[in-house]
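The listed protein sequences derive, respectively, from chains A and B.
Note that the first sequence covers residues 0 to 369 in numbering that gives the first Met the number 0.
Note that the second sequence covers residues 0 to 369 in numbering that gives the first Met the number 0.
These aren't lab readings, by the way, just hints derived from the structure by calculation.
Hints should not be assumed to be uniformly reliable.
Note that identical chains are pooled: a pair holds if it fits in a single copy or bridges any two copies.
Claimed, not checked - Listed next, the in silico SDA-like pairs over lysine to any residue satisfying Cα-Cα at most 25 Å (straight line):
id, residue 1, residue 2
1, K286, L112
2, K286, R31
3, K57, D12
4, K42, S133
5, K286, F348
6, K286, G148
7, K42, V99
8, K293, A167
2 protein chains.
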Amino acid sequence: MTDLPLAPTLPPDLDTPALVIDLDVVERNARRVASAVSERGIKLRPHVKTHKSVALAKLQMEHGATGITVGTLGEAEVMADGGLTDVFLAYPVWAEGPKVARLRALAERPDLLFAVGTDSLAGVAQLARAMSGSSARLRVLIEVDPHYGRTGAAPDVAAEIGRAAESAGFELLGLFSHGGHAYAGGDSIARAARDELEALAIGEEALVAAGMAAPVLSAGSSPTALGVLAAPVTEVRPGTYLIGDAMQVALGATPPDGVAIAIAATVVSTAVDGQVVINAGAKSLTKDMAPYMKGYGVIPAYPDGVIERVSDYHGQVRFPPGAPRPALGEVVAVVPNHACPTIDLYDSFVATRSGSVVGRWPVDARGRSG
Amino acid sequence: MTDLPLAPTLPPDLDTPALVIDLDVVERNARRVASAVSERGIKLRPHVKTHKSVALAKLQMEHGATGITVGTLGEAEVMADGGLTDVFLAYPVWAEGPKVARLRALAERPDLLFAVGTDSLAGVAQLARAMSGSSARLRVLIEVDPHYGRTGAAPDVAAEIGRAAESAGFELLGLFSHGGHAYAGGDSIARAARDELEALAIGEEALVAAGMAAPVLSAGSSPTALGVLAAPVTEVRPGTYLIGDAMQVALGATPPDGVAIAIAATVVSTAVDGQVVINAGAKSLTKDMAPYMKGYGVIPAYPDGVIERVSDYHGQVRFPPGAPRPALGEVVAVVPNHACPTIDLYDSFVATRSGSVVGRWPVDARGRSG
Chain A
0 MTDLPLAPTL PPDLDTPALV IDLDVVERNA RRVASAVSER GIKLRPHVKT HKSVALAKLQ
60 MEHGATGITV GTLGEAEVMA DGGLTDVFLA YPVWAEGPKV ARLRALAERP DLLFAVGTDS
120 LAGVAQLARA MSGSSARLRV LIEVDPHYGR TGAAPDVAAE IGRAAESAGF ELLGLFSHGG
180 HAYAGGDSIA RAARDELEAL AIGEEALVAA GMAAPVLSAG SSPTALGVLA APVTEVRPGT
240 YLIGDAMQVA LGATPPDGVA IAIAATVVST AVDGQVVINA GAKSLTKDMA PYMKGYGVIP
300 AYPDGVIERV SDYHGQVRFP PGAPRPALGE VVAVVPNHAC PTIDLYDSFV ATRSGSVVGR
360 WPVDARGRSG
Chain B
0 MTDLPLAPTL PPDLDTPALV IDLDVVERNA RRVASAVSER GIKLRPHVKT HKSVALAKLQ
60 MEHGATGITV GTLGEAEVMA DGGLTDVFLA YPVWAEGPKV ARLRALAERP DLLFAVGTDS
120 LAGVAQLARA MSGSSARLRV LIEVDPHYGR TGAAPDVAAE IGRAAESAGF ELLGLFSHGG
180 HAYAGGDSIA RAARDELEAL AIGEEALVAA GMAAPVLSAG SSPTALGVLA APVTEVRPGT
240 YLIGDAMQVA LGATPPDGVA IAIAATVVST AVDGQVVINA GAKSLTKDMA PYMKGYGVIP
300 AYPDGVIERV SDYHGQVRFP PGAPRPALGE VVAVVPNHAC PTIDLYDSFV ATRSGSVVGR
360 WPVDARGRSG
C-alpha cells in the first residue's frame, strides 16, 4: 500500500457496527473534483451507485455536477422520485418482463432527462420492442469497450449500432466507456485512461464517417476521471471520489484525507492470542479485496492490524507481537476497502461534521440492484 | 469441486436480479436435518442469520427445532417481535452505549427465553454492568475455542469465567463452540467436529470440577452439525443447511438437490468474446469465495461457465470455446457461493414451490448486523 487512509472522527455513543460519513470531507471532495474536471473543460456526471443517497446526489449537483449516473433502473427511479432531473443509466439494460413498464415510465417522465446505454444490435432491437408505441423518444448512448473486456461493443461497430438506434427512432446522444482496468494497480490508471480516450475516439470517428454525431463522449472510472481524462471526452462519471475508500487511497486516486467513510466497530473479543475481534464482518465490510490490499479494510488508528478474516459478524484483526492494539470494548474506525458495496449494506448512515452527528440519512436506493 | 449444485426452477417473468427460495426444498432440508439430529439424541437450534426470515424460522420450529440461534441483538429483536420465543445470541455481545437498553429489553421480555454468549472475564463484567438493577436474570453460555481461533476462551479457563458469571447473578446454561474451520476443505469437517467435541468436553470437565454444571453443550457449523456431532453435545446450531449454497455442496455438507436458493439473473451483454455478462454482480451475489470454488457462484444449467469477475451490477461469465452458453436476454439461475451474506442483500425473496410463485416474503432482519 502506498498510503494509509485517514478516517473521519467518530462521534461518541454509536450503536456499532455503524456507517459514518463525514459531510465536511464529502463537500471537500465534491468541490475538488468538480473544479478539477471543470478546469479541463469537461462535465461531471457522478455515478451515485457509490452512495445511493438522494441528499448526496443533490449535494453533488450543488457542487457543479451537470447530471448523475446510475447503474440500475431502481437507482434511476429512486433518484428521479427524489428530484434529480438528469439521469444516465450507464448500463446495457435489458428490458423484458416487468422492466418494460419501468423503462417506459422513466423515459416518459416529463420532469426527467433520462438516457440509457446499449452495446449491441440486439440490445437496440430489445429497447425498440420495449418502447414500441410510447410517446417518448428514448435517449441512448452506445457503450464501447476500452480493452477492459466487461461490456461494450468494439469501437468500430459503433456506427452499425448507431444506425439501428436512429432507425428505431431513438435520440443518439453519443458514446460511453468504463475503464475498470484502472483498478489493477501499477500504471493501470494511465493505461485505462489512454484506452478510454482511444475507444471513444475510434467510435466517434466511425459515427461521423457514417453521417452521425456523438455530442456526448462519456468516460471514466473514479481513478481515470480524476487526473487524466480531458477533451475529446465531454463528461466523466466517477463515483467513489465523493466518499473515498481504502482502495482509492492505495491507488493514489483519493488523498489520505479524502476518506469520508468509516465503519464504527467495537472490539468484542481478545480471547485468542495475537488478534482482536471486531463486530464488523462480511455483512458490515463486504469481502471486497484487491491484490494490493492487506486485509478487509484498514484501521488507521492501529496501522499494524490486519483484518485478515471476516465471517458474517466477526472481523479478525491480526497484530504482530508488541504492536499497539485496541482494548476490549473499544470502538474503532474501519475504512472499508470499497465504498460502493459497503454502503449498500446499510439502510442509513450517521452523517457527521468533524465528529459531531448532524443527522441519520437514508441510503435511499439500498438494495435497488435491478 | 466434488459436486455441482442443482438450482430450484425459476418462475417466469421475474424482475431480475431476484432472490428465489424454493419452499419444497426448504421443507425437505428442515425435515432431513431435524430427523438426523434427533436420531443422535441432540437438539436442533438453527442459526437464522442465514435467512433472517421470521417465517422460515417458524418453519424450522414446526419441523423439530427447539429454539433458534441469532448473531446480533438486531436479529434477536426481529425474531422476538415475530413471535419466536427461545433465542440464543451465540456471540460475545459487548453491551455499552445504546446496546445496554437493547440487551436489557430482550432479557426482560416475559414472552422470551433469551441467552447470550461471552468469552472472557471482562465480558462478564461488562454484561453485569449492563444488567445492573434489572429484574431479569441473564442467561449466559460461555464460548470456548475449538482451535478455530476466532472467538472463545481456552476451554480450561471456562471455570473461571463461569464463577464470575454466577457471582454476577447470571444463570449459567453451559458452553458453546463454533468449528468454523470445517469450511477449509479436505478432511476439515471431521477435524473441526473432533475439535468442537474436545473443547466442549474439556470446558465441561473444568466447570464440573469447580462445582458447576453445563446442561447445555452447544456446537456446530452447518458442516459439523449435520453428519458428525453427537453426545456429549446437547444441541447443534447449523444455519446454511436449510437453504444450501454452492460452497455447502462443494464441501459435501448439502446434497446437490438440497439447494433451495437461486439468484435469477439476465444476460445483458455478449459483446465481448468468450463471455456473457449477467446483471448479478457483487451487490447481488457478494464476493464470497473459497479456494475450492471456481467463480462467484455456479450456473447449474451452464456448468462450463465460470463467473470469474463481478463488479457492482455485472457478473462476467467466462466460457471455453464451443461450450454451451446462455443467449442475450436469457434468464439463468445462479446458485450463490454463500447463502448468508447473499440473502442479506435482499429486502425480500420470491418464495416458490416447483417453479411457481407462492408469495414474496420479507427478509425481516436484513441489515440488522448489530
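What are the numbers of the hints that this structure violates, sorted from low to high? Hints 1, 2, 3, 4, 7, 8 contradicted; others consistent.
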